[in-house]
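K.L.:
The numbering of the sequence shown is this note's numbering, which starts it at 1 and goes up by one.
Honestly, I wouldn't trust all of these hints.
Stated by the list, open to error - Derived DMTMM-like pairs (lysine to aspartate or glutamate); straight-line CA-CA distance at most 20 Å:
hint, residue 1, residue 2
1, 248, 216
2, 248, 238
3, 174, 214
4, 87, 238
5, 87, 97
6, 248, 2
7, 87, 105
8, 87, 98
9, 87, 239
10, 87, 223
11, 248, 214
12, 87, 101
13, 87, 117
Calculated directly from the structure, the hints in this document are not laboratory data.
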Amino acid sequence: MDIAFVVGVVVAFGALYAMITMEGAHLSALLLPAPMILVLGSTIGVGIASHTLRDAIAAFGSLGRMARGPRSTPATVIPILVAYAEKARTEGLLRLEDELDAAPDDYTRRAVQAVADGVDAEELRTLMDDEIVTEAARNRVAARFFSALGGYAPTIGIVGTVVSLTHVLENLNKPDELGHMIAAAFVATLWGLLSANFIWNPIAGRLNRMAAVEQERMTLVSEGILAIQAGSAPRLVEERLLALTTYKPKKKKEPRPDKVTATGDAE
(Lines of atoms letter the chains of each structure in order from A and count residues from 1; the text may use other names and numbers.)
(Lines give C-alpha, C1' and ligand atoms only; values in the text may rest on other atoms or scores of the structure.)
Protein backbone atom coordinates (compact mmCIF):
# COMPACT_ATOMS: atom_id res chain seq x y z
CA MET A 1 0.00 0.00 0.00
CA ASP A 2 1.24 3.46 -0.94
CA ILE A 3 0.41 5.86 1.89
CA ALA A 4 1.49 9.04 0.09
CA PHE A 5 -2.10 10.29 -0.34
CA VAL A 6 -3.04 9.75 3.30
CA VAL A 7 0.20 11.30 4.54
CA GLY A 8 -0.12 14.27 2.20
CA VAL A 9 -3.71 15.07 3.15
CA VAL A 10 -2.96 14.71 6.86
CA VAL A 11 0.03 17.05 6.53
CA ALA A 12 -2.05 19.60 4.58
CA PHE A 13 -4.89 19.65 7.11
CA GLY A 14 -2.37 19.56 9.95
CA ALA A 15 -0.68 22.68 8.62
CA LEU A 16 -4.08 24.38 8.36
CA TYR A 17 -4.91 23.41 11.94
CA ALA A 18 -1.52 24.72 13.10
CA MET A 19 -2.20 28.07 11.43
CA ILE A 20 -5.65 28.32 13.01
CA THR A 21 -4.22 27.54 16.44
CA MET A 22 -1.32 29.98 16.06
CA GLU A 23 -3.73 32.73 15.03
CA GLY A 24 -5.72 32.14 18.20
CA ALA A 25 -8.85 31.10 16.32
CA HIS A 26 -11.08 28.14 17.04
CA LEU A 27 -11.58 25.22 14.69
CA SER A 28 -15.30 25.30 15.44
CA ALA A 29 -15.52 28.62 13.60
CA LEU A 30 -14.79 26.77 10.35
CA LEU A 31 -16.87 23.66 10.98
CA LEU A 32 -20.20 25.26 10.16
CA PRO A 33 -22.75 22.74 8.83
CA ALA A 34 -24.58 25.06 6.41
CA PRO A 35 -21.65 26.10 4.17
CA MET A 36 -20.13 22.61 4.34
CA ILE A 37 -23.37 21.00 3.18
CA LEU A 38 -23.76 23.55 0.39
CA VAL A 39 -20.20 23.27 -0.92
CA LEU A 40 -19.66 19.53 -0.61
CA GLY A 41 -23.20 18.52 -1.56
CA SER A 42 -23.57 20.90 -4.50
CA THR A 43 -20.09 20.14 -5.80
CA ILE A 44 -20.80 16.42 -5.92
CA GLY A 45 -24.26 17.04 -7.35
CA VAL A 46 -23.00 19.28 -10.16
CA GLY A 47 -20.19 16.81 -10.84
CA ILE A 48 -22.67 13.97 -11.26
CA ALA A 49 -24.86 16.18 -13.46
CA SER A 50 -21.94 16.91 -15.80
CA HIS A 51 -21.09 13.22 -16.24
CA THR A 52 -23.02 10.03 -16.74
CA LEU A 53 -24.22 8.04 -13.74
CA ARG A 54 -21.89 5.23 -14.75
CA ASP A 55 -18.94 7.64 -14.75
CA ALA A 56 -19.83 8.86 -11.26
CA ILE A 57 -20.20 5.33 -9.89
CA ALA A 58 -16.89 4.31 -11.46
CA ALA A 59 -15.19 7.41 -10.06
CA PHE A 60 -16.33 6.83 -6.48
CA GLY A 61 -15.59 3.13 -6.89
CA SER A 62 -11.97 4.01 -7.70
CA LEU A 63 -11.41 5.73 -4.33
CA GLY A 64 -10.32 2.53 -2.60
CA ARG A 65 -7.84 1.75 -5.36
CA MET A 66 -6.63 5.35 -5.24
CA ALA A 67 -6.01 5.18 -1.49
CA ARG A 68 -4.13 1.89 -1.78
CA GLY A 69 -1.96 3.13 -4.62
CA PRO A 70 -0.39 1.12 -7.47
CA ARG A 71 -0.14 -2.62 -6.91
CA SER A 72 3.54 -2.51 -7.76
CA THR A 73 6.04 -0.50 -9.75
CA PRO A 74 6.33 -1.28 -13.46
CA ALA A 75 9.88 -2.55 -12.95
CA THR A 76 8.61 -5.54 -10.96
CA VAL A 77 7.43 -7.23 -14.17
CA ILE A 78 10.91 -7.14 -15.72
CA PRO A 79 12.33 -10.18 -13.84
CA ILE A 80 9.14 -12.10 -14.69
CA LEU A 81 9.45 -11.30 -18.39
CA VAL A 82 13.15 -12.16 -18.39
CA ALA A 83 12.27 -15.52 -16.83
CA TYR A 84 9.71 -16.04 -19.61
CA ALA A 85 12.40 -15.23 -22.18
CA GLU A 86 14.79 -17.76 -20.67
CA LYS A 87 12.11 -20.45 -20.63
CA ALA A 88 11.04 -19.72 -24.21
CA ARG A 89 14.66 -19.78 -25.42
CA THR A 90 15.48 -23.11 -23.79
CA GLU A 91 12.16 -24.95 -23.98
CA GLY A 92 10.17 -23.18 -26.70
CA LEU A 93 7.24 -20.78 -26.76
CA LEU A 94 4.69 -23.52 -26.12
CA ARG A 95 6.17 -24.14 -22.68
CA LEU A 96 5.08 -20.65 -21.63
CA GLU A 97 1.65 -22.13 -21.03
CA ASP A 98 3.10 -23.58 -17.82
CA GLU A 99 3.45 -20.00 -16.50
CA LEU A 100 -0.17 -18.95 -17.02
CA ASP A 101 -1.35 -19.71 -13.49
CA ALA A 102 1.55 -17.75 -11.98
CA ALA A 103 1.13 -14.70 -14.24
CA PRO A 104 0.99 -11.46 -12.20
CA ASP A 105 -2.20 -10.15 -13.84
CA ASP A 106 -4.82 -10.89 -16.47
CA TYR A 107 -3.17 -8.71 -19.11
CA THR A 108 0.11 -10.62 -18.86
CA ARG A 109 -1.76 -13.93 -18.77
CA ARG A 110 -3.63 -13.15 -21.99
CA ALA A 111 -0.44 -12.01 -23.71
CA VAL A 112 1.44 -15.17 -22.72
CA GLN A 113 -1.49 -17.32 -23.84
CA ALA A 114 -1.54 -15.56 -27.22
CA VAL A 115 2.19 -16.19 -27.72
CA ALA A 116 1.81 -19.86 -26.79
CA ASP A 117 -1.13 -20.12 -29.21
CA GLY A 118 1.03 -18.79 -32.05
CA VAL A 119 -0.81 -15.51 -32.67
CA ASP A 120 0.86 -13.38 -35.35
CA ALA A 121 3.18 -10.67 -34.00
CA GLU A 122 1.38 -7.79 -35.71
CA GLU A 123 -2.01 -9.02 -34.59
CA LEU A 124 -0.73 -9.51 -31.05
CA ARG A 125 0.72 -5.99 -30.95
CA THR A 126 -2.59 -4.57 -32.15
CA LEU A 127 -4.53 -6.49 -29.50
CA MET A 128 -2.23 -5.42 -26.67
CA ASP A 129 -2.05 -1.79 -27.82
CA ASP A 130 -5.84 -1.62 -28.03
CA GLU A 131 -6.14 -2.94 -24.48
CA ILE A 132 -3.62 -0.37 -23.24
CA VAL A 133 -5.58 2.45 -24.88
CA THR A 134 -8.89 1.17 -23.48
CA GLU A 135 -7.49 0.82 -19.96
CA ALA A 136 -6.00 4.32 -20.11
CA ALA A 137 -9.34 5.78 -21.22
CA ARG A 138 -11.13 3.93 -18.41
CA ASN A 139 -8.70 5.27 -15.83
CA ARG A 140 -9.03 8.83 -17.13
CA VAL A 141 -12.79 8.84 -16.52
CA ALA A 142 -12.38 8.84 -12.73
CA ALA A 143 -9.56 11.38 -12.84
CA ARG A 144 -11.63 13.75 -15.01
CA PHE A 145 -14.59 13.43 -12.65
CA PHE A 146 -12.64 14.51 -9.58
CA SER A 147 -10.80 17.17 -11.56
CA ALA A 148 -14.20 18.60 -12.49
CA LEU A 149 -15.18 18.64 -8.81
CA GLY A 150 -12.00 20.58 -8.10
CA GLY A 151 -13.07 23.15 -10.67
CA TYR A 152 -16.64 23.51 -9.43
CA ALA A 153 -15.94 23.71 -5.69
CA PRO A 154 -14.40 27.23 -5.49
CA THR A 155 -17.21 28.72 -7.58
CA ILE A 156 -19.86 27.03 -5.47
CA GLY A 157 -18.07 28.38 -2.40
CA ILE A 158 -18.46 31.88 -3.80
CA VAL A 159 -22.15 31.20 -4.40
CA GLY A 160 -22.48 30.25 -0.74
CA THR A 161 -20.70 33.43 0.32
CA VAL A 162 -22.99 35.58 -1.83
CA VAL A 163 -26.06 33.90 -0.36
CA SER A 164 -24.75 34.45 3.17
CA LEU A 165 -23.86 38.08 2.48
CA THR A 166 -27.38 38.64 1.23
CA HIS A 167 -28.57 37.44 4.62
CA VAL A 168 -26.07 39.82 6.26
CA LEU A 169 -27.48 42.80 4.35
CA GLU A 170 -30.94 41.88 5.54
CA ASN A 171 -29.74 42.22 9.14
CA LEU A 172 -27.87 45.53 9.09
CA ASN A 173 -30.05 46.63 11.99
CA LYS A 174 -28.19 44.12 14.19
CA PRO A 175 -24.65 45.55 14.32
CA ASP A 176 -23.63 43.32 17.20
CA GLU A 177 -24.13 40.22 15.04
CA LEU A 178 -22.65 41.52 11.78
CA GLY A 179 -19.07 40.46 12.51
CA HIS A 180 -20.02 36.86 13.19
CA MET A 181 -22.38 36.73 10.20
CA ILE A 182 -19.77 38.12 7.78
CA ALA A 183 -17.16 35.68 9.07
CA ALA A 184 -19.59 32.81 8.61
CA ALA A 185 -20.32 33.99 5.08
CA PHE A 186 -16.70 33.62 4.03
CA VAL A 187 -16.52 30.09 5.43
CA ALA A 188 -18.32 28.90 2.29
CA THR A 189 -15.55 30.32 0.09
CA LEU A 190 -12.97 28.74 2.37
CA TRP A 191 -14.56 25.32 2.08
CA GLY A 192 -14.79 25.69 -1.69
CA LEU A 193 -11.07 26.40 -1.97
CA LEU A 194 -10.22 23.88 0.72
CA SER A 195 -12.14 20.96 -0.76
CA ALA A 196 -10.80 21.70 -4.25
CA ASN A 197 -7.14 21.91 -3.30
CA PHE A 198 -7.02 19.55 -0.32
CA ILE A 199 -9.36 16.82 -1.57
CA TRP A 200 -10.64 16.80 -5.16
CA ASN A 201 -7.56 17.93 -7.08
CA PRO A 202 -5.19 15.65 -5.12
CA ILE A 203 -7.49 12.70 -5.83
CA ALA A 204 -7.56 13.56 -9.54
CA GLY A 205 -3.80 14.02 -9.64
CA ARG A 206 -3.17 10.70 -7.91
CA LEU A 207 -5.55 8.85 -10.23
CA ASN A 208 -3.78 10.37 -13.24
CA ARG A 209 -0.41 9.29 -11.88
CA MET A 210 -1.66 5.78 -11.15
CA ALA A 211 -3.04 5.58 -14.69
CA ALA A 212 0.37 6.55 -16.06
CA VAL A 213 2.08 3.91 -13.90
CA GLU A 214 -0.36 1.23 -15.05
CA GLN A 215 0.08 2.26 -18.69
CA GLU A 216 3.86 2.01 -18.31
CA ARG A 217 3.55 -1.43 -16.73
CA MET A 218 1.31 -2.67 -19.54
CA THR A 219 3.69 -1.23 -22.13
CA LEU A 220 6.59 -3.11 -20.56
CA VAL A 221 4.59 -6.34 -20.70
CA SER A 222 3.66 -5.67 -24.34
CA GLU A 223 7.22 -4.93 -25.46
CA GLY A 224 8.62 -7.81 -23.43
CA ILE A 225 6.18 -10.38 -24.79
CA LEU A 226 6.76 -9.23 -28.37
CA ALA A 227 10.53 -9.45 -27.87
CA ILE A 228 10.15 -12.96 -26.48
CA GLN A 229 8.01 -13.95 -29.44
CA ALA A 230 10.68 -12.58 -31.79
CA GLY A 231 13.28 -14.80 -30.10
CA SER A 232 15.34 -12.08 -28.43
CA ALA A 233 17.95 -13.14 -25.90
CA PRO A 234 16.92 -12.73 -22.24
CA ARG A 235 19.70 -10.20 -21.66
CA LEU A 236 18.50 -8.07 -24.58
CA VAL A 237 14.92 -8.31 -23.33
CA GLU A 238 16.02 -7.05 -19.93
CA GLU A 239 18.06 -4.18 -21.39
CA ARG A 240 15.18 -3.17 -23.64
CA LEU A 241 12.70 -3.08 -20.75
CA LEU A 242 15.08 -1.25 -18.43
CA ALA A 243 15.45 1.42 -21.12
CA LEU A 244 11.67 1.86 -21.24
CA THR A 245 10.86 2.12 -17.53
CA THR A 246 11.08 5.22 -15.37
CA TYR A 247 11.17 3.01 -12.27
CA LYS A 248 14.67 1.62 -12.17
CA PRO A 249 14.98 -1.52 -10.02
CA LYS A 250 17.25 -1.23 -7.03
CA LYS A 251 20.76 -2.40 -7.72
CA LYS A 252 22.35 -4.85 -5.38
CA LYS A 253 25.13 -3.32 -3.38
CA GLU A 254 28.52 -4.64 -4.39
CA PRO A 255 31.16 -5.28 -1.71
CA ARG A 256 33.51 -2.35 -1.35
CA PRO A 257 37.11 -3.10 -2.37
CA ASP A 258 39.77 -3.03 0.31
CA LYS A 259 41.68 0.20 0.62
CA VAL A 260 45.06 0.11 -1.05
CA THR A 261 48.14 1.63 0.52
CA ALA A 262 50.63 3.78 -1.31
CA THR A 263 52.82 0.70 -1.96
CA GLY A 264 49.91 -1.12 -3.59
CA ASP A 265 49.31 -3.59 -0.72
CA ALA A 266 45.83 -4.05 0.68
CA GLU A 267 45.35 -2.74 4.16
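K.L.:
Taking the hints in turn, state whether each one holds.
P.N.:
Okay, the hints, checked on the actual structure:
1. 248 with 216: holds (12 Å)
2. 248 with 238: holds (12 Å)
3. 174 with 214: violated (59 Å)
4. 87 with 238: holds (14 Å)
5. 87 with 97: Holds. Residue 87 to residue 97 sits at ~11 Å (cutoff 20 Å).
6. 248 with 2: holds (18 Å)
7. 87 with 105: Distance of about 19 Å is within 20 Å: holds.
8. 87 with 98: holds (10 Å)
9. 87 with 239: Holds, because 17 Å separates the two Cα atoms, which is no more than 20 Å.
10. 87 with 223: Holds. Residue 87 to residue 223 sits at ~17 Å (cutoff 20 Å).
11. 248 with 214: This hinted pair holds, its Cα atoms lying about 15 Å apart.
12. 87 with 101: holds (15 Å)
13. 87 with 117: holds (16 Å)
The structure fails to meet hint 3 from the earlier list, while all remaining hints are met.
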